[in-house]
Each structure stands twice: as structure tokens, then as C-alpha cells.
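The numbering of the sequence shown is our numbering, which starts it at 1 and goes up by one.
Just so you know, the hints here were simulated from the structure itself, not pulled from any lab data.
Remember, it's a predicted structure, so these values are computed and weren't measured experimentally.
For each residue, glycine too, the CB sits at the ideal point set by N, CA and C.
Heads up, a few of these hints could be off.
The calculated label-pair distances, taken between Cβ atoms and stated as ranges, are [said to hold, decoys possible]: (1) Glu185 / Ile7: 23 to 29 Å; (2) Pro29 / Lys187: 45 to 51 Å; (3) Gly161 / Ala31: 22 to 28 Å; (4) Pro29 / Thr69: 28 to 34 Å; (5) Gln178 / Phe57: 16 to 22 Å; (6) Gln227 / Thr39: 32 to 38 Å; (7) His139 / Thr39: 37 to 43 Å.
List time: in silico EDC-like cross-link candidates among lysine to aspartate or glutamate, alpha-carbon distance up to 16 Å [what the hints assert, rightly or not]: (8) Lys98 / Glu151; (9) Lys226 / Asp129; (10) Lys158 / Asp111.
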Amino acid sequence: MRWEKFIFHYARFIYDQLLPPVCILCSHPTARSTNICFTCQQSLPILPDHCLQCAQFFSGMEKTPLCHTCHHQPPPFDRTFALFPYQSPITQLIIQLKFQHRLPIAKSFADLLIQRLQTTWYRRQKLPDLIIPMPLHPHRLRERGFNQAVEIAKPVAKKLGIPLDLHGIKRTKHTQAQSALPALERKRNITNAFTAYRDYSGLTLAVVDDVVTTGQTMAECCHVLKQHGARQIDVWCCARRG
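Using the sequences and the hints, build the whole thing.
Spelled out as C-alpha cells, the structure:
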């Protein structure tokens with residue numbers, strides 16, 4: 001099975017390198033430096049008004065920067081920066097990345113993150129000290145063959161010159177997929193799922209993931225990071241489910 005996955009990934013890599021670059025959304029020719037053409041970039045969904053801490057969408061005419069939950073029960077992460085709402089065509093892109101091994105999509109998301117980080121989110125702020133991709137449990141990693149959060153985070157870390165921490169925190173509890181569980185089961189499912197192996201005292205961190213849904217997985221991961229000394233944690237994600 002491992003050899004089959006290796007051959008599949010290698011063939012996909014050769015395929016992507018040899019053919020002329022085309023937009024991953026409309027299949028029209030595009031520059032090799034990007035996988036999404038300018039026209040399609042302009043039509044991507046815009047994130048609605050949202051909480052600055054968890055990026056949950058506001059339901060009405062809220063005038064405060066934080067949602068009710070973050071105001072009264074703040075999560076262990078400090079801010080969330082999301083590129084898009086989790087809706088078409090972003091939904092399809094993430095599914096293709098994770099389950100059809102379309103790794104160039106990770107590079108596209110990385111490019112969009114870099115652009116937003118440099119021009120908007122951190123234009124006048126100091127960047128974090130470390131970037132941490134959301135860990136996958138080894139069993140899930142073997143099944144999938146790669147960690148999509150790592151594939152997104154690597155180009156971002158390289159471009160911004162920020163160290164990438166791949167081993168400081170690991171997912172040590174194999175859990176059911178959160179999306180398959182009722183709301184009340186999700187917190188119990190993810191509790192004690194992460195273990196940190198280093199000291200993060202005084203550091204500002206960015207935790208990268210493809211999608212933030214309820215935020216409970218992210219909260220559990222960041223809780224462990226804060227326990228090990230992290231001073232501030234920002235969440236960078238490609239999509240936020242409302």
C-alpha cells in the first residue's frame with residue numbers, strides 16, 4: 001500500500017510538472033507562479049463579518065469585535081485569520097487536496113495566505129516566532145500519506161523566513177473525525193489528543209490548518225501549547241465553517 005501511494009504521488013507530481021500550468025478552478029492557462037488565475041481569484045468567496053478571536057461569523061448586526069462565546073469563555077488562541085468561508089469552490093478544493101492528493105492546491109492556499117499575511121493581516125505587526133502545522137495522528141497520516149497542514153505551512157514559513165516546528169507537539173490520541181460527531185461528543189472526543197515535547201515559553205506561535213469548523217480541535221491543541229508557555233497563539237486557516 002505504501003508503494004502504491006508513493007507511485008501515485010510521484011505520477012501526480014510528474015503530471016503537474018510536465019503539463020502547461022492551468023488554473024485549478026477553470027482549467028484555463030495561467031502563470032506557473034500561481035495555480036489560480038486572476039479571474040478566478042476575483043470570484044472567490046469573501047469572509048463575512050466575524051469574531052476577531054475565533055472567526056465565527058456574526059449572525060446579525062453585532063458591533064463588538066468578539067462573539068458572545070469569546071467574550072465570556074475565551075479560547076486558548078488569541079486571534080484567527082481565515083482566508084475564506086467554507087463554501088464552494090473552497091470546499092471542493094480542500095476535499096480534492098485531502099482525499100484526491102491534489103498537492104498543488106496546498107501551494108495555491110499557501111500563496112494566498114502569504115499575500116494576505118504580508119498585505120493585510122501583519123502589515124504593521126510583528127510576525128510570529130514559530131509556525132506549527134496542525135498535527136495529524138500517525139494512523140491518519142499513514143492513511144492519507146501526507147499532512148495537508150504541513151503542505152500549506154511549508155511554503156509560508158519559507159517565504160516569510162519563520163521557523164517551522166514539525167515535532168514540538170504531536171497528536172497522540174487517535175480520534176474519530178469531528179465532523180462525524182454530534183456537538184456534545186466533539187469536546188470529549190478531542191480531549192487529551194495532543195502532547196507537547198518542548199518548551200514554548202515567551203514565544204508567539206501561528207498554528208496552521210486547512211479548515212476550522214467548531215474550533216474545538218484547534219482549542220485543544222492551543223490549550224496544550226499555552227500550558228507549555230506560549231505567550232500568544234494566532235490561528236491561520238484557509239477556510240472557516242460558519
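Structure-based check of each hint:
{"no.": "1", "hint": "Glu185 / Ile7: 23 to 29 Å", "in the structure": "violated (38 Å)"}
{"no.": "2", "hint": "Pro29 / Lys187: 45 to 51 Å", "in the structure": "holds (47 Å)"}
{"no.": "3", "hint": "Gly161 / Ala31: 22 to 28 Å", "in the structure": "holds (24 Å)"}
{"no.": "4", "hint": "Pro29 / Thr69: 28 to 34 Å", "in the structure": "violated (45 Å)"}
{"no.": "5", "hint": "Gln178 / Phe57: 16 to 22 Å", "in the structure": "holds (19 Å)"}
{"no.": "6", "hint": "Gln227 / Thr39: 32 to 38 Å", "in the structure": "violated (46 Å)"}
{"no.": "7", "hint": "His139 / Thr39: 37 to 43 Å", "in the structure": "holds (41 Å)"}
{"no.": "8", "hint": "Lys98 / Glu151", "in the structure": "holds (11 Å)"}
{"no.": "9", "hint": "Lys226 / Asp129", "in the structure": "holds (14 Å)"}
{"no.": "10", "hint": "Lys158 / Asp111", "in the structure": "holds (11 Å)"}
The structure fails to meet hints 1, 4 and 6 from the earlier list, while all remaining hints are met.
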